[in-house]
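*Asks:* These are the residues of each chain, in order.
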Amino acid sequence: MSTTTSTQVAPSTRRPLRYYQIGSHLFITVMLLLSLIPTYLLITWSFKNGLQYRWERWAISFPLRWRNYIAAWDIVGDYMINTIIVAIIGLMGMLLLSLIGGYVFARMDFPFRETLYYAIIALLMVPWVLSFIPAYMVYVRLGLLNNRLSMIIPELAGGPIFGIFLMRAFIAGIPEELFESARCDGAGVLDLIGRITLPLSLPGLATLAVLNFIGVWNSFLWPLVMIQDDEKQMIAVGLYKLARSATYGGVAGWTSQDFSVWGPLYAGYVIASLPLVLLFIVLGKFYVEGLVDSGLKV
Amino acid sequence: MTEGTGTPEQGSGANPINRIPARPGGLSTWQAMRRSWQAYVLLAPIFILLLVFNYYPPILGLLRAFYRWRPGVEASFVGLQHFGVYFTSPETPRELLNMFKLLAFFFFSGAVIPFIMAVLIFRIRDNESKELYRLFLIIPMLVPLIVVILLWKQIYDPNLGVINGLLEQFGLGFLARNWLGDTATALYAIMFMGFPWVSGVGTLIYLGGLGQISESIFDACEVDGCTGLRRTLKIDLPLVLGQVRLMTILAVIAGVTSFQTILVLTDGGPGFATMVPGLTMFHKAFRTQQFGYAASIGMILFVITFGATLAVNRTVQPAVEDVRH
Numbered sequence: 001m002s003t004t005t006s007t008q009v010a011p012s013t014r015r016p017l018r019y020y021q022i023g024s025h026l027f028i029t030v031m032l033l034l035s036l037i038p039t040y041l042l043i044t045w046s047f048k049n050g051l052q053y054r055w056e057r058w059a060i061s062f063p064l065r066w067r068n069y070i071a072a073w074d075i076v077g078d079y080m081i082n083t084i085i086v087a088i089i090g091l092m093g094m095l096l097l098s099l100i101g102g103y104v105f106a107r108m109d110f111p112f113r114e115t116l117y118y119a120i121i122a123l124l125m126v127p128w129v130l131s132f133i134p135a136y137m138v139y140v141r142l143g144l145l146n147n148r149l150s151m152i153i154p155e156l157a158g159g160p161i162f163g164i165f166l167m168r169a170f171i172a173g174i175p176e177e178l179f180e181s182a183r184c185d186g187a188g189v190l191d192l193i194g195r196i197t198l199p200l201s202l203p204g205l206a207t208l209a210v211l212n213f214i215g216v217w218n219s220f221l222w223p224l225v226m227i228q229d230d231e232k233q234m235i236a237v238g239l240y241k242l243a244r245s246a247t248y249g250g251v252a253g254w255t256s257q258d259f260s261v262w263g264p265l266y267a268g269y270v271i272a273s274l275p276l277v278l279l280f281i282v283l284g285k286f287y288v289e290g291l292v293d294s295g296l297k298v
Numbered sequence: 001m002t003e004g005t006g007t008p009e010q011g012s013g014a015n016p017i018n019r020i021p022a023r024p025g026g027l028s029t030w031q032a033m034r035r036s037w038q039a040y041v042l043l044a045p046i047f048i049l050l051l052v053f054n055y056y057p058p059i060l061g062l063l064r065a066f067y068r069w070r071p072g073v074e075a076s077f078v079g080l081q082h083f084g085v086y087f088t089s090p091e092t093p094r095e096l097l098n099m100f101k102l103l104a105f106f107f108f109s110g111a112v113i114p115f116i117m118a119v120l121i122f123r124i125r126d127n128e129s130k131e132l133y134r135l136f137l138i139i140p141m142l143v144p145l146i147v148v149i150l151l152w153k154q155i156y157d158p159n160l161g162v163i164n165g166l167l168e169q170f171g172l173g174f175l176a177r178n179w180l181g182d183t184a185t186a187l188y189a190i191m192f193m194g195f196p197w198v199s200g201v202g203t204l205i206y207l208g209g210l211g212q213i214s215e216s217i218f219d220a221c222e223v224d225g226c227t228g229l230r231r232t233l234k235i236d237l238p239l240v241l242g243q244v245r246l247m248t249i250l251a252v253i254a255g256v257t258s259f260q261t262i263l264v265l266t267d268g269g270p271g272f273a274t275m276v277p278g279l280t281m282f283h284k285a286f287r288t289q290q291f292g293y294a295a296s297i298g299m300i301l302f303v304i305t306f307g308a309t310l311a312v313n314r315t316v317q318p319a320v321e322d323v324r325h
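First to last, the sequence lines map onto chains A and B. For the first sequence, the positions run 1 to 298 when the working numbering is used. For the second sequence, the positions run 1 to 325 when the working numbering is used.
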């Protein structure tokens, strides 16, 4: 008797749950597929020549035009290299300042520590719209217009604001005994930072690095107003200008009725996405944390 | 500010003080400062950079909002003139209305939809699918923002765009239009960009929040027969209110300040159909060299964001902490 009741009860409570699960799977899958459409189009278009782009908009066209990617590198390569150089120089400085700042605020005791800390953190609340225009004027006054330094400095000066916030919490979690025994061995502040804090706070630094790299890679309005020479331009603005000349004509003799420009342009978009993809493959966990932390960076 | 910024107090503010040996008694502040010179030396480069590039510009902006200001010319004080001009100019009501429409929509697409998606993914029992879904959420985020915007511009294109192409294929060619070039549809086309708005930081943040809720609460729920929509509203939502607040504030900030998408898609057009105050600020500064006027619009936007952020912080209060592990 008991077995029959249990078999009668079980399905009636489980069945709605089962349907619910299947429904969820379906719904989630449809939503995810829809959100992948632009990415799909981007990749398929990047392999098409003019005719294929004109007539086969949705399908993958064969043969794949790998040559688009060679043409694309010629037009986006310089922008990519510019951006990577700026990102790496800025990142190094930003990470160093964040590490030092994080250490000082987490591990040293000195008058006005909290006041100074909150003076830094308060800057997180200043929205960029307020400082965008005056920052432009300050940079112009300092002669940094059309200078690559104007791309590096915001990272170097602004990056540590969130960086110190993140690294302070991170470094505070390192056991004090490690520092104490090092101090007994006669280690100075720089040893404590370089030999103990640095190796133990690599995950925090990785998150910061990923977050800042994404920021530099996506920066658009600032290079748009600061950089005038095309050979110094950053990737986002470079792509914007290429898209404009593909639509209205301009660069490299492109005209709007020539459908063969689109394949290389989309290949350029794909190439421009590769550093982010690579970063995700290498530092996946930190990538997601960086994105989530960037949300916390209100 | 947000939940995230609350952590240093627990994470770093309290602990290190206990661990670091207390200052020897009877030391004056000045003596203590001299003794800890190393800390100040280490912080000096950071503060020099911050003073020049992060403190000075916003303060300068707040002051110069009351000046006529352009590069190479001595700034002259004009009082509240810029604000008077802005609030009486005929385009302003349209701009502000557009901004509030976008803001309301960003709340829906950035705070509501990701919550629904996160709850659905969170309740999937099969862990492998769960991981797979998370991965697929991230893939669209690996494409730079400018590429996403340019792709959507192409998708909307009146002649080459896939939307019109699809409509014609299904015999609905009469619906085809210049989505971004038509006054009636341009603003809605901008909102529609990114459909279905599930992939993005929001869903990941909500998933993180749901993951923090103690397992015992869900068990208790199940015993009490609290499932489905009721559980979503009574359990899930109150326990991720911190995340809801964060996403709402982000939506407000995006609505008020992010005009990059509009700049690329329509540049405020056709006419002034998609103009927003942020873009006006940009145009005034970099097309007509009215930097003081632009700074005053920046100040207005700052006040709006700040007020809205405070209002959201007041109204949305996260649940008590002891229900997490």
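Accuracy of the hints is not assured; some may be wrong.
Claimed, not checked - No farther apart than 25 Å at their CA atoms in a straight line, the calculated lysine-lysine pairs in the DSS-like style are these:
id : chain 1 : residue 1 : chain 2 : residue 2
1  : B       : Lys-130   : B       : Lys-234
2  : A       : Lys-241   : B       : Lys-101
3  : B       : Lys-130   : A       : Lys-285
4  : B       : Lys-153   : B       : Lys-234
These aren't lab readings, by the way, just hints derived from the structure by calculation.
*Asks:* All hints, please: hold or fail.
*Replies:* Against the structure, the hints:
1. Only pairs whose Cα atoms come within 25 Å are accepted, and B/Lys-130 paired with B/Lys-234 is accepted, the gap being roughly 23 Å.
2. Among the hinted pairs, A/Lys-241 with B/Lys-101 is inconsistent with the structure: their alpha-carbon atoms are about 29 Å apart, more than 25 Å.
3. Annotation: proposed proximity of B/Lys-130 to A/Lys-285 holds, straight-line Cα distance about 16 Å (limit 25 Å).
4. Between the alpha carbons of B/Lys-153 and B/Lys-234 the distance comes to roughly 41 Å, so the proposed pair goes past 25 Å and is violated.
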